[in-house]
Amino acid sequence: MVAKQELKLQCNAITKKGTRCKWNALPNEKVCHVHIKMQNVSKDLARRNSKPMGLFNLKSKDMQQESRNRKEEGIGNIYVYTYGHMLHKTPTQTPYLHLAMPTKNNWLDKSKTLPFDTSENILIKVGYTRKRPEVRVKEWKEQCGHSDFVLLHPGSLVPQYGRKKSANSDEIFGLRKLFQKLTVADKSIDTHRLGQFNSQVSVKMNLTGRRYKHLNEEKTCFVTTNPYQVEQNIHRILRQKFGTGKLYCEGCMKKRLDLNNRLVASIGVHTEWFLIPRNHLSFLWDIIESQCSSPRKTSTLMIF
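Each residue of the sequence shown is one higher than the last, beginning at 1 in UniProt numbering.
Don't take each hint at face value.
To be verified - Quick list of simulated restraints, FRET-style, between CB atoms:
1) Arg239 to Glu29: 42 to 52 Å
2) Asp109 to His33: 13 to 23 Å
3) Pro115 to Val269: 28 to 38 Å
As the list claims (entries may be wrong) - List of simulated lysine-lysine pairs, DSS-like, C-alpha gap at most 25 Å:
4) Lys141 to Lys17
5) Lys125 to Lys219
6) Lys125 to Lys89
7) Lys246 to Lys141
8) Lys125 to Lys246
9) Lys37 to Lys8
10) Lys131 to Lys141
To be clear, the hints were calculated from the coordinates, so they are not data collected in a lab. Everything numeric in this text was worked out from a predicted model, so none of it was measured. Every residue gets a Cβ at the ideal spot worked out from N, C-alpha and C, and that includes glycine.
Please build the complete structure, drawing on both the sequences and the hints.
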């Protein structure tokens with residue numbers, strides 16, 4: 001008597017590479033032993049997120065304070081970086097940096113975005129690290145893929161372009177009143193190279209001659225105690241003065257399986273980017289120097 005051979009079905013799940021899994025499905029299941037575990041983890045996370053915040057979901061005040069103390073221990077560096085093309089001698093647009101209005105789900109329609117205008121403002125990020133700032137910026141560049149990040153410091157040559165504004169430039173970009181959101185799109189999506197502006201500019205370098213006692217020996221970052229608190233104070237002051245925005249980075253996009261074993265993409269979001277007028281950079285260095293001098297104070301500046 002010949003035993004009835006069990007029919008084996010291929011797993012229905014999709015791999016990270018976007019292809020169908022080659023493992024056999026478990027008996028009475030549609031997925032293999034690997035993806036059944038992923039499915040259970042996803043369902044468990046969904047159940048946790050659906051529950052109201054309770055006593056066991058919240059960190060205790062002691063745990064929060066302990067975490068804050070660990071961040072504040074020791075000496076660290078406050079560093080600033082920007083995009084390399086924003087330091088060109090002439091105003092330059094790129095095909096991968098666009099302005100966009102905010103959306104509820106953080107997904108952006110590229111057809112409704114506008115190229116970022118670098119003629120009057122510069123986009124900067126302020127962070128803290130216990131590493132050398134050059135190393136940290138290199139890590140950001142590697143993570144984001146196509147981003148041309150460069151260190152910015154008081155000795156940097158930052159051009160001020162003497163370009164006449166168009167009548168509706170503020171209405172189009174809203175840079176003065178509202179810095180909403182930015183998107184870094186994949187270069188392969190937009191093959192049209194926007195190139196440089198065809199306007200006449202007179203370049204004036206924004207190079208401060210002031211001396212800052214908290215600059216490191218290489219003069220590339222500011223050294224301070226409690227760098228985390230200093231960074232938070234700087235962010236708060238910059239938000240009050242200039243507003244803040246998010247950078248949507250496709251270089252940091254991650255893919256994951258949803259509850260239906262479909263491969264979905266989650267775009268990377270970088271927070272606390274600041275849009276600063278090119279002629280206000282000395283104000284930025286003064287803020288950093290001031291906060292490095294009194295890291296535990298949360299002094300406020302008069303905003304005009």
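Going through the hints against the structure:
1. Arg239 to Glu29: 42 to 52 Å: Between Arg239 and Glu29, where Cβ atoms are some 50 Å apart, the hint holds.
2. Asp109 to His33: 13 to 23 Å: The hinted range 13 to 23 Å is violated for Asp109 and His33, with Cβ atoms some 40 Å apart.
3. Pro115 to Val269: 28 to 38 Å: violated (20 Å)
4. Lys141 to Lys17: Holds. Lys141 to Lys17 sits at ~24 Å (cutoff 25 Å).
5. Lys125 to Lys219: holds (17 Å)
6. Lys125 to Lys89: At roughly 21 Å apart (the allowed maximum being 25 Å), Lys89 and Lys125 satisfy the hint.
7. Lys246 to Lys141: It holds: about 17 Å lies between the C-alpha atoms, which stays within 25 Å.
8. Lys125 to Lys246: With Cα atoms ~11 Å apart, Lys125 and Lys246 stay inside 25 Å; holds.
9. Lys37 to Lys8: holds (19 Å)
10. Lys131 to Lys141: Holds, at roughly 15 Å.
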